[in-house]
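Residue numbers (my numbering), protein chains in the order written: chain S, 13 to 357; chain B, 30 to 350; chain A, 1479 to 1873.
In short, the hints are calculated from the structure, not lab data.
Fair warning: there could be bad hints in the mix.
To be verified - Calculated cross-link-like contacts (lysine-lysine; reagent style DSS-like; alpha-carbon spacing at most 25 Å):
(1) S:Lys-284 x A:Lys-1521
(2) S:Lys-83 x S:Lys-27
(3) S:Lys-49 x S:Lys-284
(4) S:Lys-221 x S:Lys-191
(5) B:Lys-206 x B:Lys-67
(6) S:Lys-242 x S:Lys-83
(7) S:Lys-221 x S:Lys-242
(8) S:Lys-49 x A:Lys-1558
(9) S:Lys-83 x S:Lys-160
(10) S:Lys-49 x S:Lys-303
(11) S:Lys-49 x A:Lys-1830
(12) A:Lys-1521 x S:Lys-49
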Amino acid sequence: MFQTALDTKPSQETKSARDIHLSAFRYMMLARVLDDKFAALYRAGGKIHGGVFLGRGQEGLSAAIGISLQKGDVFAPLIRDAAGRLAFGETVLDSVRTYLGSAHGPMRGRDGNVHRGNVQEGLLPMISHLGAMISVVNGILLARRFQKKFGTVGAACIGDGATSTGSFHEAVNQAAVEKLPLVLVIADNQYAYSTPTSRQFACDSLAHKAAGYGVDVQTVDGTDFSACLKVAGEAVSRARREGGPQMIVARLLRLCGHGEHDVAEYVDPELKKSPLGRDCLNVAQDFLIQKNWLDEPQLAAMKDEIAHEIETAVAQAQREPAPDPFAEEWRALVSGHLSEGTMEP
Amino acid sequence: MSLTYLEAIREAQARALRDDPRVFIYGQDVGAFGGAFKATKNLAMEFPGRVLDSPISEDAMVGMAVGAAIEGMRPIVEMQFADFSLVGFNQIVNQAATLYWRTNVPCPITVRLPFGGTSGSGPFHSQCIEAIYAHYPGLIVLTPATVEDAYSMLLEAVALDDPVIFCEHKFLYRHLKAEKLPDEALPVGKARIAREGRDLTVVTYSAMVHEALEAANELSTEGWEIEIVDLRSVKPLDTDTVVASVARTGKLLCVGEAWPWGGVTAEIISRVSVEGFGLLDAPPQRLNAKDTPVPYHHNLWAAHRPTARSIATTARNLLRQ
Amino acid sequence: MQVPIIMPQLGESIAEARIVNFLTQSGESIAADQNLIEVETDKATMTVTAPCAGKIEKFAAQLDESYAVGAILGYIEATKEEVARLGLDIPSLAKTSDTDRTVKADSNGRSRVQPTVRGLPVPANATGASYLSPRLKARMGELGLSAADLAGVAGSGAAGRVTIEDFEKFIATLEKHKMSAASSMRVAVADAMRRSWTRPLATVGLPVQLDALLAHRKKLDPKPGPALYALRAMAMALSENSAPAGRLVGNKIVHPGSIDVGFAVEAEDGVLVPVIRHADQKGLRDLTERYNELVELARQRKLPTDATGGSIATVTNYGTFGLTWATPIPLPEQTLVLGMGAGRRQPHWDEKQRQFVPIMEALLTISFDHRVLDGGAAGRLLQRILSLMQQPERL
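Whenever a hint applies, use it, and build me the whole structure from the sequences.
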């Protein structure tokens, strides 16, 4: 319906279902092995400074939204979206550089771990205040409307905990009022740190909030990557076509601690045993093998390739220099003439 | 033909909208209604689609402005009162103010805050919170005291590539008039000598500049000549001009309408103590609002903040030392 | 190659962890990322993983002991290739061990500094006539002035303080007068006299008969001057009772160490004070030699550092200027100065002969810090000096 002034990759609709599923699966596997690597480096002492936050269990959902977006779209991932970031185009090296504190990382040491991104490529680096990134996506979409750039979509990922924030509420409402092409992916993974959803919200499902805002919503089994791909693909298409906000509420279980410093003993063991506690990676693997889209040797080869890719990136990043405080320009303003400097004599 | 401080702000926005297609205004009631104070009167009509009514969502308003700025626009966010900007405080200080430092992408937003007290406004429509914003790195904080500065500094604020907190004094909106708009102006970051003097330096900003001028007139009849420095911008703070003035007079009185703890007056005295210790012929003084929320009743309100009278009294004590 | 196993930071505020279980042992071959040790923090039990594949060379940590974040728990023996493959052959990002940086609290938990606001070491806000503002001090510093130089300035500020305006007017008027540079000697003496004068000084005097002394000196070679007799007499008197030469510091009298006495020598634009050490232990002949040496050195401005300073009293002979009496000022670090005027022929009532007889007489004065001694004690000291000088064979 609208002209698209941006250079987009061929829409997902023209790729085969097999290719999309395999591509998504590879991103899921890559994210999982990368997360495992960060967890191991965290415990090896001295390699990672600060916290490590994993997305174990959410790879299917995250990869689904990442892969459904096109170049030129905007993506605001959150803590557990390693898979989505990789699917959207972030490199393993950028992720490793940020965690290992290389001066060549995208945040240049000024921010770390999951607070990373590449604004020029449309990948927004999160701030820690949950819900705050959604209105920023809104702003980008509004600006494109002003600039008559149509046909792009903005996606934001959040968790069940973030839906309680004022920022979330204001931003979803704002997107609805402005009728922006926002796709909001809510990963209801049952826990916000140690807080179960029974202490987070009182409605039966987060999907019920959509009616309150006047936006479309779809629910999905977050452990089923194929279902996630379908729902995410449709939501993105709908937003792109009709231009109104789309909400996706996926249910799954967080399969790691809030951070790697958290052993998460509070997670209800019943949940772990239930279908909600399925590992989306196993589900995906079984699905692909059953469909004959993947066999054991191919899987083994994929794992090897991935292990090698990650090891190479880690080895490279470890060799790179750390930021040098004496080479830093300690200035937070673009306008140099208005910067007050260190104020030390 | 004269215009008020408020009209100057409106004119500046009109000119920004006219000259730069990247500019748009976003705030509550700014559209057809023209804004709670009429600062955007008729602009929605003159510039259709570029003056938008927002929901009551200061957090999302600022977040949206940041996103728009990332995408190349120059948004002006109108907060209805400075006091309400605090709902969007996180987005201002943690999103807008950190964006350039974290990502090298500039964030050219301007957030307009109607601030300062008028009698009867009460605790939540009177706050002066420029010091809290100034505390965060990555922000520019402006406090124009004259009609001319309201106009030229707002234009410069929109043109700057950094997030600007533009503090407009509500009392000055209609009480201050000027004959015409200026052709040229002092740049942002430079303080102005509002009145030349010899015996004592008063450093202040916004509405307090006018209270200080009145106090100076009173003291002039007693043979004292007070020099008044109008900071114009709180961050960056023009320390050089302040120190040069204290070098001339030897005595310093800082006046602010905000509360004492960690306020602009504290910052000025700290800088003068460090950079001009040997210039002081008497201990530096400061005059601020009392350390309570801003009262509602006129009697209490009038006693809560510095006035021309209290400025003159404090100055007199200092002059006699 | 040796690769250290380092205690990780297992949470933001975690500083240490306790070893609760070894999952591997010395000599065992391990894979990269393998769990090696179980540790417990106050939040959870976690594992420490291997940074690379290899063989555990040894564990440096012990079961049930706590180790700080960054501490080395053991070593892995790994091949060069393995280390290179994982990029471990560069200085690691580990901070230097924090094990030696814990601050031990005082054993009974009390801090040594008592927080108190009683008794500030300096007044927070001085006012009044003697108050010098930072600006005034800065200007005074610029011009090399001290408070004494402002004695002539009337203050127009609060309680009579000298304001910067008063000061600048004063300097402006000075500049209208003819001015010449003061020598460094002059400035030094000015400073010493200013400091001395901060004490309440008083003077007592007595005439001394010089006839016996003059006869005595005729027989000596080299001949000591009369002032030297005075110096020797004072040294002996002070060795009998050194209290008058003590110094008052606060509420304590500091007694002199050795009886080192100085004497004033006029030099160019000021005064030098060479010192004779242990003057009580040197007879007149030794004193004379030493005295002459020092006078020569002083005149040549070649006094060695050990020959000046540290004296407990000074003798000044203003008689050489023809003065009969004076009230000299002691050095700022001394309580006493003994002055001697010019000798004159004076009539003296001789009780035996019931008539006036001519004698040679000079006036001795002692100026003293009245905080340390009163007129009586000063008088007694003077009497003793007198009596010794009038019996020169005892010196």
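Against the structure, the hints come out as follows:
Using a Cα cut-off of 25 Å, the hinted pair Lys-284 (chain S) and Lys-1521 (chain A) holds, with the two alpha carbons roughly 22 Å apart. Straight-line distance between C-alpha atoms of Lys-83 (chain S) and Lys-27 (chain S) comes to about 15 Å, which keeps the hinted pair within the 25 Å bound. Taking the CA atoms of Lys-49 (chain S) and Lys-284 (chain S), the gap is about 23 Å. The hint holds against a cut of 25 Å. For the proposed pair Lys-221 (chain S) and Lys-191 (chain S), the alpha carbon gap of about 17 Å is at most 25 Å, so the pair holds.
Taken as a hint, the Lys-206 (chain B) and Lys-67 (chain B) pair is honoured in the structure, with Cα atoms around 16 Å apart against an allowance of 25 Å. Using a Cα cut-off of 25 Å, the hinted pair Lys-242 (chain S) and Lys-83 (chain S) holds, with the two alpha carbons roughly 19 Å apart. A C-alpha spacing of about 22 Å is found between Lys-221 (chain S) and Lys-242 (chain S), which places the hinted pair at or below 25 Å, so the restraint holds. The hinted pair formed by Lys-49 (chain S) and Lys-1558 (chain A) meets the criterion: a straight-line CA distance of about 21 Å does not exceed 25 Å.
Straight-line distance between C-alpha atoms of Lys-83 (chain S) and Lys-160 (chain S) comes to about 18 Å, which keeps the hinted pair within the 25 Å bound. Annotation: proposed proximity of Lys-49 (chain S) to Lys-303 (chain S) is violated, straight-line Cα distance about 30 Å (limit 25 Å). A threshold of 25 Å between alpha carbons decides the hint, and for Lys-49 (chain S) with Lys-1830 (chain A) the separation of about 121 Å lies outside it, so the pair is violated. Of the pairs offered as hints, the one joining Lys-1521 (chain A) and Lys-49 (chain S) holds, with about 23 Å between alpha carbons and a cut-off of 25 Å not exceeded.
Hint violations for this structure: numbers 10 and 11, all remaining hints satisfied.
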